[in-house]
Structure formats: C-alpha cells, structure tokens
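Here is what each chain is made of, one letter per residue.
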Amino acid sequence: MKPDIIVIGSGAAGAPAAWLLSEKGFNVLLIEAGEDFESSELPTSSIDWELKSEGQFNYVAAERNNIGDYPVDDSKSPIAVCNFNAVGGSSILYSAHFPRFLRSDLEIFSKEGVGNDWLIKYDELLPFYEMNEKMISLAGKIGDKFYPELNKIYNPEVKLGVAGKILSEGFKKMNWHWWPSYSAINTNMDLEGRLKCHSLGPCNSGCPTGAKATTKNTYISYGLKKKVKLLKKTTVKKILLNNKKVIGVEIVNHKLKIEKIFCNNVILAAGAIGSPRILLNSFLDIQKKNLIFKSDLIGKNLMMHPYGYAEGYFAENIHSENGPQGNMLYSLEFYRQSENVDFKLGFMMHAIRGDGPINTINRLFKSKKIIYGKEIYKQFLKNYGHYIGITIICEDLPNLNNKLVLDFNNPDKFGIPGVKIFYKLSDNTKKMMSYGITKAREVLKMSGAQKTTGFGPIKNTGWHLYGTICMGNDPEKSVVNSLGKVHNLEGLYVVDSSIFASSSCVNPANTIQAVSLYLTNKIIEKLK
Amino acid sequence: MRIEFLLDYFLPGDEDLKIPCFSKSDKTKIIEKFITTLPNLNLSKIDDNFFKNTDFKKVKKNLKKKNIDIDSILGLSLKFYFSRSLVVKPLTGRDIPYFKNSII
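Chains as they are written, first to last, in my numbering: chain A, 1 to 528; chain B, 1 to 104.
What the hints contain is simulated information worked out from the structure, not anything from laboratory work. From the three backbone atoms N, C-alpha and C, an ideal C-beta is built for every residue, glycine too. Be a bit skeptical, because a hint or two may be false.
[Said to hold, decoys possible] Covered stretches of chain B (chain A as the covering partner; in silico rule of three or more C-beta atoms under 8 Å from a C-beta of chain A):
#	region
1	14 to 25
2	68 to 79
3	88 to 94
[As the list claims (entries may be wrong)] Below, simulated SDA-like cross-link-like pairs (lysine to any residue); rule was C-alpha separation at most 20 Å, straight line:
#	chain 1	residue 1	chain 2	residue 2
4	B	K89	A	S367
5	A	K368	B	K64
6	B	K79	A	F37
Let's have the full structure, built from the sequences with the hints guiding it.
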C-alpha cells in the first residue's frame, strides 16, 4: 500500500490524526519508534510491579534505553524529561487525568498580558474535545463552573474513596473550588477491549485491564481496522525534500535496515521533544535550512509543567492507596489570583493517592526513620494508606532560553544525534510554586492531616512538554502556520504539543488529542 | 556468616500477623539478583554473637565499621521483600499484583 500520508508518532497526537485520516478514506502509514507492549508485559501485571517501574517502564527518558529511545541529556534542567516511546506513546504510562484546557488558556496575552495567544480559537476546539471524549469514554461529573461547555460524560466519575472524601471536606471548609477528576478511565461497564476499572491504583505503571484509555486501545485499535498501517520499532531519520516540497521520509528499523518511503504528505506527531529533534535532524544542511526557515525557533520556547508537592499524614488509615493514582479531585481555586500575589497566571492543585507497598517502605528507608525487627510491620501499617499528596501544577511561560538542541556527542543507536535540554525555572514559577505549596498544606491541615510537608520543584515530573515548534502567521516569528503546516514547505505538518502557544496548568492529554483532531481535520479539508 | 542471618535479623517476620521472613528461595534470589553485585560485602567477618544485640542502629554501625555496605543491602532487600504477596497481603489485604480487589 502506498500511503497517502505518513504520521510520525503513535501517542496522544499521532494516533488521533491517523484514525481521523483513515475514517476519511486516506491510506495512513503510522510510524512508531518504540515497541508494542502487551498488557502482560506491563509492570502492573507482575508481583514486583513497583520495581519494574524503575526499569524498562521508567517514565524518565534519560534512564531508559528501550527500542525507540534516544539520548536525552537533561542535566541542565531541574526537571527531567518524562515521556515514553512505544505504540501508544506516553499514554501507556500517563495518569489519565483528563481535563480540558480552559478558555482563557488560549488567550493569556489578551487576558493576562503575558505569553502568547493561540491562533486556534477555543470555540473551534470544542467539537474536537467532544469527539475525543466520546472516543475515550470520558469519566467525570458535569457542572464544574470552570467548564461550562462540558455537557456530555460517558462514565461516572472515579470514586473519591475515603481519602478523597476527607480531602474534599477540607476544601469545603476552606471554601475553595474543588471537583472530582475528569478521567480517561472506564468506570462503568466493560467496553470493547477495555474492562471496567477495578481501582487497582498504579495507572502510571500501565493499566493491565485496559480500563485506562490509551491511544493504543482506542484510536490505534480502531484505526488498524480501517486504513491505518502501523510500522513499529522504526525511527524516522529525516524528512526527505525536493526543493520546498516533502517527498517522503528516511527510516531505520531496529534491525538497522535503512529505507526511504515516498509520500508527499507527512504529519509530525512525536511530541515536543521528538518532533523538533526530527526537524532539526532533517535540516543539518544550513543552506537547506535557511531556504525554508526564516526564523531560528525550532526547539526553543520549551515549556514544561513545574511541579510542587505537598503531602499530609493522617493518623488514621484513610486507604489513600486505593483507586486510580492520579484521579481523585482537583482544584482550580488558584487558576487566576483573586488576592494580591507577586506572580502572574496560576496553578492547579491535583490530589494524588498514596504509595504502594514498596514505595511506602522506601520512603521510610530514605528518611532514615525505619525501625527494623518486628516493629517494621507496625511502622509500615502506620504509613501505608495514611498519606494524601497534592501536586501544584504551575503554568509555564515561553522563554527563548528554555530549549532543546541536538546533542552530536550523544547519538542514538542509529547514529542520529540525541537532544540536550536547557531549562530554568522562572522567578514567576518559583513564587507561584512556593505560594501553591503553602496553600496545599493549609487545605491538608484543614482536612485533618496530623502533619504536612512540602517541596518543589520535583525532578522527575517533565511529563507535560510544549512550545518547541512555534505556531504563528509570520514566518519570521514562527515555524508553522495555523494549520500546523511548516512555513514555506509543502506537505509537512506538526499537530502535537510542540505547537502549543501556552501551557495551561492542567494535564494536557485531552487537549493534545483534541488539537490533533482539529488540525488533522483542517489538513483533510486542504488535501481533498 | 551467611547473608540469610542478616536478612532474618532485620526482617524477622511476625507470626501474630502471619507474615513470614524471607523464604529460602527468595533469599537465594536476593543473593543472586542483588547482594552479589554489592560492593564491600564481607560477611565472613561477622560472628554469630553480633546479632544478639537488638539495638539495630548499633548493629548497623558495627556492620559499617566492618566495611559492610548494610544500607545498600537493606535498601534492595526491603524492595524485594515488600513486593512479595506473602508479606504484603497479610499487611494490606491486597493481592499482588493488584488484579482482584481494592474497590474503593
């Protein structure tokens, strides 16, 4: 089959793009650098799941060397890049916390006087949020004042559990906003290939039952039944060009076989680290690069979600380990500030559930408070299920100095340069995080926590990555136009979070998928 | 001195809670998987009287003096031990892996 279009990356952006194209009759070649993990291979299918999460399924990119991984040097960043290269991409290991961005997230320059507005309007995105939420069978509860347009839910919300009820009482006493999580989790009844959630807990180590929606068990599963052909364990070396037109891609598979695939339309959807890496590697020839690009922005303006953290210890066992790890409740009380603060924008408080057995004992070990002998079991029971955590997800702003560059001294197994990350927390973020941690400790105390602690930034939390392929109308100030098409180049599109103009302070998976569907729909209109 | 004594000393199990100490097969796995890779392991230098002391801090200190990297041994062993269903289920009531129970 000669493809009509090639999609690079099978995660949150690539899989929806491939599916929609195939629904509209296009032959799609979906190329994925990583392998296809079976449910039985996921850490959560093993007795030593917490240990396994430290190896092949470690979400810290720099600490893995799977097929499809490439070197990521994040030693110059306080936040490690966390992504996953596999069929399904990072959705294999994400928490499935699935809120939408908020309307004003796309208008931060107009509304807040900082950062940039999006070229995409929120109202244009709404039908694609709805399409996406239907596909993944969104769980949640209608009625959050921050989401007035959200009026269709496919599954009841994940239960708060004992811990969630206790924490929600704290929020009520503070008179602060809170709402049960929106989740890409099947909470109601078994669906095709997806069992009902058993509240096992560790979604971030992979969901063995398929209750958690990944792009693999939704978009890819459906797309493969249509006109999507999946090429896994295959890395794209570069985009092939003829003058200012795309003519295909050069690939190398895990057996080191190099091949050229010819096709006039290519969609980049390898994420905010992977996509700029492929672009940069495709234009190592400066003359060729200057012919196309009028700006020098590829890889720049890297945004992340810096995370602060607060936790509360409760004297009684509140069974906080039970339930989907990242799906309990959230608060947007501090999304925009009502009181005088010395920072712009805001943060989400995202409640998370307690640790599994190994992490519970490891926490005691690391704190050097562990008591050996028979006391260790009593001590374990005084800790397991006794903690609630609140992460402070800070909204980031674009900064030209936060970037990735090719790392020629650190190539992957195919000789393709890896990437080096340069990132610093802004003063705005530091102030926001410190304030957020204080506020989170307040609500934990109000909920009845006997003691609280807080710290930040947390190193291994670079899950949410944006901004490295700037979207704009002016080729001298951006890389792609409002369709995601690379300026001055026919046939190359970017549909992932690289093109996000702002980061919001909420988990981005729903928005990445909706934006991909929106842009792909535009591409389809253009190609017709 | 064998590694078994070390593990049983620090993690003895609890009959009342129906929690076993390390099983023989697990001890073998620990030795094979973890302990042999650790540096500074010189267990032959420990005599049996060493473990009659129930002041764990003191024992750890003495082990360190003998150039035994007890923190690394315990760090790895704890992770292994608390992954075992026989240990975790009596403590938490949950099967490992988490397939069958824990409905909130």
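Against the structure, the hints come out as follows:
1. For the region 14 to 25 of chain B, the proposed coverage by chain A is satisfied: 3 residues have a C-beta within less than 8 Å of a C-beta in that chain, meeting the threshold of three.
2. Coverage of the region 68 to 79 of chain B by chain A holds in this model, with 4 residues showing a Cβ closer than 8 Å to a Cβ of that chain against a need of three.
3. For the region 88 to 94 of chain B, the assignment as covered by chain A holds, since 3 residues bring a beta-carbon within under 8 Å of that chain's beta-carbons and 3 suffice.
4. At roughly 24 Å between alpha-carbon atoms, B/K89 and A/S367 are farther apart than 20 Å, so this suggested pair is violated.
5. For the given pair, A/K368 sits about 15 Å from B/K64 by alpha-carbon distance, which is consistent with the 20 Å threshold.
6. Between B/K79 and A/F37 the alpha-carbon distance is near 25 Å, which puts this suggested pair outside the 20 Å criterion.
Consistency note: the structure conflicts with the earlier hints numbered 4, 6.
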